[in-house]
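**Q** Listed here are the chains, written in short residue letters.
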Amino acid sequence: MSKIRVVQYINQFFAQIGGEEKADIPAELREGPVGPGLALNQAWGDEAEVVATIICGDSYFNENLEKAQAEVLEMVKSQNPDMFIAGPAFNAGRYGVACGTIAKAVQDNLNIPVLTGMYEENPGADMFKKDVYIVATKNSAAGMRDAIKKMAPLALKLARHEAIGASCEEGYMPNGVRVNLFEKERGSARAVKMLIAKLNGKPFTTEFPMPTFDRVAPNPAVKDMAHATVALCTSGGIVPLGNPDHIESSSASHYGEYDITGVMDLDAAHWATAHGGYDPVYANEDADRVLPVDILREMEKEGRIGKLHNKFYTTVGNGTAVASSKAFAAEYAQKLKADGVDCVIMTST
Amino acid sequence: MKFVIVTNNPRVRDELGKEFEVDFADITYREVLCKVRDMIYGGHKLLTHPLSGSVKPNETPYKSILVDKRWGKMDPQDASIIENSIITADKFSVKFPEMPDSVREDFQLIDTTLIKSALMSIPEIF
Amino acid sequence: MKKLELGNILIHDVQFSNEGSKVENGVLYVNKEEICKIALEDENIASCEVFLARPGESVRITPVKDVIEPRVKVEGKGGIFPGWIAKVDTVGEGRTHVLKGAAVVTTGKIVGFQEGIIDMSGPGADYTPFSKTYNVVVKMEPVEGLKQHEHEYALRIAGFKIACFLGELGRNVTPDEVKTYEFDNIVESAAKYPNLPRVAYVQMLQSQGLLHDTYVYGVDAKKTLTTIITPTEVMDGAIVSGNCVSSCDKNPTYVHMNNPVVTDLFEQHGKTLNFVGMIITNENVYLADKERSSNWSAKLAKYLGCDGVIISQEGFGNPDTDLIMNTKKIEAEGIKTVIITDEYAGRDGKSQSLADADPSADAVVTGGNANQVIVLPPMETVYGHLEFVDTIAGGSANNIDAHGNITVEIQAITGATNETGFNYLSAR
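Chains as they are written, first to last, in the numbering used here: chain G, 1 to 349; chain F, 1001 to 1126; chain B, 2001 to 2428.
Read the hints as simulated data drawn from the structure, not as lab findings. Note that beta-carbon positions come from the ideal geometry of N, C-alpha and C, so glycine has one too. Check each hint, because a few of them may be wrong.
Stated by the list, open to error - Residues from chain B that face chain F, not an exhaustive set, calculated with beta carbons under 10 Å:
1. Q2114
2. L2210
3. H2212
4. D2213
5. V2245
6. D2249
7. E2283
8. N2284
9. D2289
10. G2315
11. A2345
12. Q2352
13. A2355
14. N2371
Work out the full structure: start from the sequences and follow the hints.
**A** What follows is the structure, encoded as structure tokens:
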């Protein structure tokens, strides 16, 4: 059997071109292994080899995202590899994000198995651990040997399309997909050990992390409401009648921005809800019940608030992924900030 | 206590319908859960766990749930239980297309005993 | 101080015998007629067959009703299975002999979706603890027209009687090993181990209705308030199973008698912790019962002065709510918890694992994802009724291929994802 062909992506630093001052070098393809690829080849022996290395500056990749991604994809494709490895990036943030981005792009566009590695607190880890296999590494390049020890065998399994074991066996970061394994100790013995650790304040790792719910610490109160610009936002799906932007009734893929300049009241002739998860009758009768424009207009008139912002942002919360919701809000929060909004009332259903 | 048994199980209708208020409809397991969900959002109190029984939601076609007839404030814990139950039921995707009548009757019986076990817990009845 | 000695007679083979049943040199000799006679004492049982299944054999047992360990009370008050076979004397003291390595496996069709597979070899054997025991398989058929309630009762009692009959064979045999379980009252233990954390075990018992019931000294657990039991009592069969749905995460009577949380807490008792007692609570259908029972779990854990508890679950769906209620309320008392559960994360492992969740449940041991698919190759011999395999949980229509391979989820396998931590399976 011929050797498995691997293409590896690394940054300027690991290619020993330079540090931050060289971070703007564009993507370049070199034959054979460079830097960490040598260690990978050694670990694989006759089974696989890095046939080409793509080197790209971290700034170049992140600042020219689409262009850089297209260039790297083209280079990977030209080598027709069986496997793609990005990094390991350890604790280097932009490198980690680049590794995650390009690994996901290769997986999605070229349908080639991919693997990357980084420190668990690298921002790239949270962004991509559900999309691609990421080996958890130490927080600096001093952990290279350890990283290669985990990445080399996992890469072989992925390249051969073998069954991938549980995260704790293979060394990748938990990715939300539950995989069974046989433990050396039975469950009760593991429970007793875990309890002893918990009682003694020692670290322990739960075998099933409960789904986490984001808790957002409230901002300090707005001191001067009488001069504040207040915006309304909702996950209750209030949209102009006819839902012009086609916001989905569940699992929404986007949000809408609508102008309410001069609108005193959301009447049934012009406004309705797109939400599919609650009885829409009352919202459709009077959309102010979900998005209280009428009351805020009154407050505006009475001088209790400075003014109501002339745009509102809306989506449907029904079954919409938390990650999508976060992305929507991150985007329109910037618009609200740019428009000088002081505070936001977010209504749910 | 005034309560209603929401069910799609004809055996529950026939066996318990004379003594108790039974809201029977020839609908799916999931539709029973959704019907109860709507009642809970309307302010009714959930009295029994919607996933009663260890028989999996893709195995048995039958489901009976006790709901308080009185209206009140929507109970967030009830809402969470019924929503999670629907999510749980949905993940059992592989369904049994057909089953012999004898198995169907067994499922009806099990569902009936589950709801009867709950009726025994209502102090005013027994 | 309470003390129970378990005298283990290590069984390494099981054989049929034309003479009387006996235990000799670690071999359990079984006389079929004697077993059948016991089963047929019940007029509701029309026929009985006995088979033997040894580890490594090409044998499949299905549908499994219950698994029971043969034991006999040699010294001390009461007898095995109080409330059923023995009177309701409080058990858990004295000496009990165990045919360790042997098990009675009852099989019979009560309902059309009966479940539970034990494969004695092949890939399925890895998933069930009962592929490692020498099994006396008892297949019983009911008289015509017998109602499911009575049918379940008949099989359950016959299983206990047969296990006691076999256990009795060990009465005068010298055990290969004796394990001693000492249990102090709370005043004594507090004085003895003033510096060790106080730990209790909270066991949740399945209690929802027909085929979903558990009994404590003969009492239906759904009609009980959360209570305290000394851990040695369960070793004499104080808790028995009437539960034969959700075979992967139900507790057969064998598991109650060998409750692994009890054994493993005893192992640490006096060393790293002070095992102060066992709280048993139910998993009723009625939500107010759940509230009350979990309130009482928390109250009793506090009353025992616990620093920590281990909570085990039984079953799917509904009990997730009890589990989370127990955990939240016990943690709210400042008592640290570790919970044992299993998961239904879908065949692809991507779905939400539990039907309820709470951040206070931060220390979880899992018995694995019960939706994992497994292909079970054909076995030379099947004891029981294979025709049910396509209607059981985790099976699906037409799941037997031309070569006899059965594709099922591991939830069909007895004990695969046991939530007392009896098995080795887990998930990440």
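**Q** All hints, please: hold or fail.
**A** Results for each hint:
| no. | hint | in the structure |
| --- | --- | --- |
| 1 | Q2114 | 9 Å, holds |
| 2 | L2210 | 4 Å, holds |
| 3 | H2212 | 6 Å, holds |
| 4 | D2213 | 9 Å, holds |
| 5 | V2245 | 4 Å, holds |
| 6 | D2249 | 8 Å, holds |
| 7 | E2283 | 9 Å, holds |
| 8 | N2284 | 6 Å, holds |
| 9 | D2289 | 5 Å, holds |
| 10 | G2315 | 5 Å, holds |
| 11 | A2345 | 8 Å, holds |
| 12 | Q2352 | 6 Å, holds |
| 13 | A2355 | 4 Å, holds |
| 14 | N2371 | 8 Å, holds |
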